[in-house]
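Letter by letter, the chains look like this.
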Amino acid sequence: MVTEEQQSGEQWVPDFTVDLAPDNPRELVLRNPVIPASGCFGYGIEYSGIVDVQRLGAFVSKGITPAPRSGNPMPRITETPSGMLNAIGLQNPGIRGFIRKYPPIWESWRVPAIVNISAEAVEDYATMARMLDDVPGVAALEVNISCPNISAGGYCFGWDPVMSSEVTRAVREATTLPVIVKLSPGAVDVIEIAQAVEDAGADAVSLINTLVGMSIDTRARKPVLANNTGGLSGPAVKPVAVRMVYQVAQAVRIPVIGMGGISGLADALEFFMAGASAIQVGTAVFSEPGMLIRLIDDLGEWLRANRIASLSDIVGVANPRFHSTTVRHSEIVAEMVGQ
Amino acid sequence: MVTEEQQSGEQWVPDFTVDLAPDNPRELVLRNPVIPASGCFGYGIEYSGIVDVQRLGAFVSKGITPAPRSGNPMPRITETPSGMLNAIGLQNPGIRGFIRKYPPIWESWRVPAIVNISAEAVEDYATMARMLDDVPGVAALEVNISCPNISAGGYCFGWDPVMSSEVTRAVREATTLPVIVKLSPGAVDVIEIAQAVEDAGADAVSLINTLVGMSIDTRARKPVLANNTGGLSGPAVKPVAVRMVYQVAQAVRIPVIGMGGISGLADALEFFMAGASAIQVGTAVFSEPGMLIRLIDDLGEWLRANRIASLSDIVGVANPRFHSTTVRHSEIVAEMVGQ
Amino acid sequence: MTELASPTQHPTGWSREFIGEITATEPVMGDSVLVTFTSPPQLAASCRAGQFVELLCRTPQSSDPLLRRPFSVYATNPARQELTILVRPFGRGSAWLVEQPVGAILDVLGPLGNTFTVAPKSKNLLMVAGGVGAAPLLMLANEAVAKGMNVTYLLGAMNAGGLLAPGHLPGEVEYIVATIDGSAGRQGFVTDLVSEYVQWADQVFACGPEPMFRSLRREVLANRFAAKPTVQMSVERTMACGVGACLGCMVETRRGMRTSCVEGPVFEMDELAW
Amino acid sequence: MTELASPTQHPTGWSREFIGEITATEPVMGDSVLVTFTSPPQLAASCRAGQFVELLCRTPQSSDPLLRRPFSVYATNPARQELTILVRPFGRGSAWLVEQPVGAILDVLGPLGNTFTVAPKSKNLLMVAGGVGAAPLLMLANEAVAKGMNVTYLLGAMNAGGLLAPGHLPGEVEYIVATIDGSAGRQGFVTDLVSEYVQWADQVFACGPEPMFRSLRREVLANRFAAKPTVQMSVERTMACGVGACLGCMVETRRGMRTSCVEGPVFEMDELAW
Ligand SMILES: Cc1cc2nc3c(=O)[nH]c(=O)nc-3n(C[C@H](O)[C@H](O)[C@H](O)COP(=O)(O)OP(=O)(O)OC[C@H]3O[C@@H](n4cnc5c(N)ncnc54)[C@H](O)[C@@H]3O)c2cc1C
Ligand SMILES: Cc1cc2nc3c(=O)[nH]c(=O)nc-3n(C[C@H](O)[C@H](O)[C@H](O)COP(=O)(O)OP(=O)(O)OC[C@H]3O[C@@H](n4cnc5c(N)ncnc54)[C@H](O)[C@@H]3O)c2cc1C
Ligand SMILES: Cc1cc2nc3c(=O)[nH]c(=O)nc-3n(C[C@H](O)[C@H](O)[C@H](O)COP(=O)(O)O)c2cc1C
Ligand SMILES: Cc1cc2nc3c(=O)[nH]c(=O)nc-3n(C[C@H](O)[C@H](O)[C@H](O)COP(=O)(O)O)c2cc1C
Ligand code: FES
Ligand code: FES
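Residue numbers (my numbering), protein chains in the order written: chain A, 1 to 339; chain B, 1 to 339; chain C, 1 to 274; chain D, 1 to 274.
One chain only, chain A, in its complex shape (with noise of 0.2 Å):
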C-alpha cells in the first residue's frame, strides 16, 4: 500500500487528499478529511486565533435561510450528558446578508468554504442555491433537509424520501457547484432517504443532523429551552451516528461524510472505517477548538505508525458490504435486533 515514493523519506507523508464531489467538474477537493460542522464554526472568521482554519479540509458555515432570521429565544443551549441541546433557530443574515458579508473573505483563502443552506420551501433550496452559483469564495453546499417543509403541513424534509428527492433535485438543477446533501437522523429508514438524494445527483451526503431532545428545569418546571425541544449533539449521538453512516455506505456509490459526536482520533477513526471519506466535528470544536488541528496531525501520525499510505485504505475497512449498494433493507433491520 505504501509507495516506492514514500517510503523513501524517514518519514512518508500520507495522502489524505479526498474529493468529495467526483463527478462533478467543479469537484470538491480537500487536503485533508476534517472540517467543522456547520453551526459550530460560524463563518470561519469567529475562532481566528484559536484554530488555524488553513489548515483545515474544508468548514461548513453556519445554515443559511432565504430571509435574515433573528433565530429562537433564549435560553437556546443547555448541557445534557455527554451531549448538549441547541435551539438557535438558523439566526443567520438571510441569503442575501450573506453572500454581501462572507464569500468576499473567503475568496483569498485556500481552504474551502462550503455553505450549508435551509429552507421551508423546494423553490426557496434552489433560489439560493442558484444565488450561489457563481459566488467566489463559495466552494460547495450543503443542503440541511432537516426543515419543516411549509406545504406538507410542517413535515420534515428529510424524514421523506419523495421530499427529499425533491429538494435535491431542485439544488441540482439550480447549481453546477458540488452538492452535499445532509440527512437528518429522524428519518425512518436512512438508507432510503440516501438512496433517493443520491439518485436525485447529490455528489455526496453527509450525516448526521441533530436528533430532536428536550431537557426539563425541574425547578421552573418547563423545558430549559425556551423553543422547547432542541438539537442533541455531542459524543452521546455518536454510536447512532456511526450506524447510521455504516449503513448508508452500504447503499449509495457517492462519497459519504460522517459526523455525530466526534472529539477526537479515535471516532474519526471509527467512522472512517464505518465508510466515511471524510468527518465533521461539530460540538466538539466548542470544548476542544485546538483539537481540529491536532486532529489532522494525529491521523497523520496513525497513518504512518500503521504504515497505511492513504486514507482511502481504511475507509469502510469494517464494513464488509461497503459500497456494494445491493444491500437489501430487510437485511439492515434484521441485523438491528438487538436486546
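Incorrect hints may have been included.
[Unchecked claim] Away from chain C, derived, C-beta distances all over 12 Å, residues of chain A: (1) E46; (2) M74; (3) G153.
[Unchecked claim] Residues from chain A that face chain C, not an exhaustive set, calculated with beta carbons under 8 Å: (4) G83; (5) M84; (6) N86.
If you are wondering where the hints come from, they were derived from the structure by calculation, not from laboratory data. Where is the CB? At the ideal position from N, CA and C, for every residue including glycine.
Place chains B, C and D with the ligands on chain A using the hints.
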C-alpha cells in the same frame, strides 16, 4: 394540595400510589412509581442481596419469546459516551420454560411483576399473552414492539402504526391482564404510534426502548459487537426520551411510563414533569443498583420538601398541553425546528 | 506548562487555548475558592477587567460534563504569568473545579469577551456585586485604584461567611457590605445600599444575579435629583463556544441580539432590552 | 465509611454495594498500582480467591465512563476490614482509578463471582499468570500456602519492570518468571515454562489474556506421559451488571452460555468451548 390528615403528623407521607391501568378491572396499582426496566433486572432475583426488590413499585422481566433463545454471539455489550450498546439477542428460556421457572417465585412477592414479551409475528404475541393470562405471579404484560415483523420482511413492528396496532389488538384480545405497549424511538412519528396502540386497547404505553447504534473497534477494524449494531441506552439518550414522553403525553389519555437514561431524582423528575405517571430505570441499575431504592426515598423527600401531597400533582406540569390529545402533528414538528 | 506560549506571538495569536497548572488555591466567601493557574505571559498581561476564561471541568478520561464553564478573571499577575478566578461550587463543573489540587492541569480558553469601560473623565466609581459577581469587579477596582480613581465597592451575600475578606481589596477602596441575615453590614440586599451612592457616582459597574440587576436598575432610575450615572452590567448566559460561533449565548439589546461572549459579557444597562 | 456495614447482616445481605475509602496505594509492576480500600468486615472476611469487585471509575459529577469496571481481589485483610486490588492503567476507567489518592472515596459492588476450587486431595498447585492476571492467583497462592500446599507461581511480563517483586508473594511459593525481552527470568512467554511443571502439578490455575490461555491449553494437552492436571481459568469479559441480570458477559461452554460474572469468572478449561 396537602390534606389535613397528611399535614397532621410532623412529616406527612406523600402519596406515591399510581394505577397504570385505570380502565382495566384487573388494574395495576403500584405503591411507588419506580420500576427497573426490562433486560436490566433479570427476573427480579439476580439483585437479591443488593436491591430490596419488595420495596420497588414493580419490576419488568427480561423479554420473553415464544421459543427459547440462546441470544447473540459475544461480545454483546460495549460502553459509549454516557451510554452503552447491547445486543443480547433476547436470550431467554422461552415462554414455557419461563412460566415454569419464575412466576411461582413471584407469587408470594408483594411487588407486582410485569412480563416483557417479544415476538416476530402477531399470532405469537397473542399466544404468549393467552398463556400468561391467568398465571399466578404475573401482574401485567409489557409488549416490546421493537422487533422485526417476519411477515413484513423484517420491518420493525414499532415503526409502523398499523403493525403496532395489530400487535396491540391481538394481545388485548388474548388477555385481560393490564397491557403496556413499549414504544420504539426509531419510529419517525412516535405520537402516531402511541395513538394507534391506545386506540387498539393498550392500558398504558412505556417509552423509550433503545436507539440503534454501533461502535467500531478501531484496532480490530470491525464493529465491537458481534451483531454489528446494538441498542443504545443510558444517560446519553435521556434528552430524546424526555422529548418523546412529552410528545406522547400530549397525545394520549392512558398513563405514560417514561424511561431512558434515568440515573437519579433529577432525571426522574424530568420525566414526571414531562408527563410520565411512572418511570423505569434500565442501564443505571448496572452502575448504581442502590440508586433504585434511594430514588424512592429521594422522591419522598422532594415531595415533602416541596409540600406536594401527591406525585400526580407534578405529572405533566412542564407540559402545557398534557393529555390534551388535540395537538396536531404539524404543531409538534414546528416546535422541532431547532438549530 | 503553557502549550503555545511563544512570547513572540500576538496576544490574540494561536495561544488562546492553553494548558494551565494550578499554582495556588485559597478558600474565600464560605465554600468558594480562588484558583490561580499559569497562563502564557502575553495573555496574563493583556487581560482586562470584565473578561472571562472558559475551562473544561472534567478529567481527560471523561466526556461529561461536556461544555466549558466561563469564569470571570478575578486577578492577573503578569510577572508570575498567572490568572486567578473565583469559583463557587454550584453544579457539576464548579464542584469539580474547586476540588482540583495545586499541580492539577486545566484546559483554558481565553481571555474572552469585552471589558468594563471606564470613561476618561470618571472620578467616582460605584461597584455593585452579588456573590461571585465580586470577581470581575475586584479586578476593575484594582485597575481603577491604580489610576487614582475613587472606588466604592458594595458586596451582598447571604451571610457574613459569604463575603470577601476586606484584605482582598486594595486599601483605597471603600468597601461596604450587606447580608440577608444581617450577620455583617446592612441587613438586606446589596441594592438597598445603592441609593446612598448613586448621586456620588460617575459610573456604576455591576455583576450578580438577574434579580439584582432589576433592583439596581430601579434604584438608578429612581434617582431623579442628579444626572443618572451610566451603568455597565456583566450578564450571565449559558455558553458553548465563547467566541461568537454558536449563537447560543445571546443577549437581547435595543439593537437586536448580541453575543454575550464577544459583544459582552459587559453591556450598558440602557442598551439591554428590559 | 462503609455505608451498610451492620455486622449483624448476612455476608450476602444488603451490603454488597458499599462505599470504600482508599487507605493505601502502592506502585507495582511498572505502571500498575495496588489500591487498598475499606470494606464492610463480613465482606472482607468472606471473600475468596477468584472473586472480583466492580468499581465506578468516575467522579459523582460525571456520567462518563458509565459502567463499572471489574477487578479481581488481590488480597483481603479482614482484621483491618480492607480489600486490595491490582490495577493496570489501560483505558479510561483504570487510568482514572490509578490516579485516585489515599482518602478518595470509591463506589464498590462485590465481592462477585465464583472462586477457584482447590480439590481436597491436591498437593501441588501450578499458577500461571500473565500481567495483572497475577492478582487473583496471588490471593489463591496465599490461601494455598496457608493450607500447607506446594505452590509454583509462574508470571510473565513484557520486561523486568512489569513483574511483581518477590516480596509480594509468600516465602513458601516457588516464584518463576518469564519476560518477552529477556530482562528477567526466562526469555519468552510464561507458557513456555509450563511444560516443566505440568507433570508435577495436581491442579493448574491461570489468569491472563486469551492467547495465554490458548498456549497453556496446548502445553497441557501436549503432556502425554502423565495424568493431565485439571486447569481452572479466570476469563475476562466486558461486564455491565456483574450479577447475572444483563446477560452481557457470557462465556460459551460445552453446556451452553454461562454468565462469567456469576457462574464465572473461573471455569474449568475442559468446560470451555474452544
Ligand atoms: C461571563 C460569565 C462569568 C462567570 N463568572 C463566574 C465566576 O467568576 N465565578 C463563578 O463561580 N461562576 C461564574 N460564572 C458561572 C459559571 O460559569 C457556571 O455557570 C457555574 O459555575 C455553574 O456551572 P456548574 O457546572 O457548576 O453548574 P451546572 O451543573 O452546569 O448547572 C448550571 C445550570 O443548570 C441549572 N441547574 C442545575 N441543577 C438543576 C436542576 N436540578 N434542575 C434544573 N436546573 C438545574 C442551573 O440553574 C444552571 O443554569 C460565570 C458565568 C458567565 C457566563
Ligand atoms: C473478572 C475480571 C477481573 C479483572 N481483574 C482485573 C485486575 O485485577 N486488574 C486490572 O487491571 N484489570 C482487571 N480486569 C480488567 C478491567 O476490568 C478493565 O477492563 C480494564 O481496566 C480496562 O478498563 P478501562 O476502563 O481502563 O479501559 P476501557 O477504556 O474501557 O477499554 C477497555 C476496552 O476497550 C477496548 N479499547 C480501548 N481502546 C480502544 C480503541 N481505541 N479501539 C478499540 N477498542 C479499544 C479494549 O480493547 C478493551 O476491550 C478484570 C476484568 C474482569 C472481567
Ligand atoms: C449550536 C449548533 C448549531 C447547529 N447549526 C446547524 C445548522 O445551521 N445547519 C446544520 O445543517 N446543522 C447544524 N448543526 C448540526 C451540526 O452541524 C452537526 O450535524 C451535529 O451537531 C452533529 O455533530 P456533532 O455531534 O459533532 O456536533 C448545529 C449544531 C449545533 C450544536
Ligand atoms: C442489557 C439490556 C437489555 C435489554 N433488554 C430488553 C428487553 O429484553 N426487552 C425490552 O423491551 N427492552 C430491553 N432493554 C431496553 C430497556 O428496557 C430500556 O428501554 C432502555 O435501556 C432505555 O432505558 P435506560 O436508558 O434506563 O437503560 C434492554 C436494555 C439493556 C441495556
Ligand atoms: S457562547 Fe457561542 S456565541 Fe457566545
Ligand atoms: S455482567 Fe451482567 S450478566 Fe454478567
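Going down the list of hints, with the structure as the test:
The beta carbon of A:E46 sits about 4 Å from the closest Cβ of chain C, which is not more than 12 Å, so the claim that it is off the interface is violated. A beta-carbon of chain C comes within 12 Å of the beta-carbon of A:M74; the shortest separation is about 6 Å. The Cβ of A:G153 lies farther than 12 Å from every Cβ of chain C, with a closest approach of about 28 Å, so its non-interface assignment holds. Annotation: A:G83 was flagged as interfacial toward chain C, and the flag holds, the nearest CB pair being 6 Å apart, inside 8 Å.
Interface restraint check for A:M84: the shortest CB-CB distance to chain C comes to about 6 Å, inside 8 Å, so the restraint holds. With its C-beta approaching chain C no nearer than about 6 Å, A:N86 sits inside the 8 Å limit, and its interface hint holds.
The structure fails hints 1, 2 (numbered hints given earlier, in ascending order).
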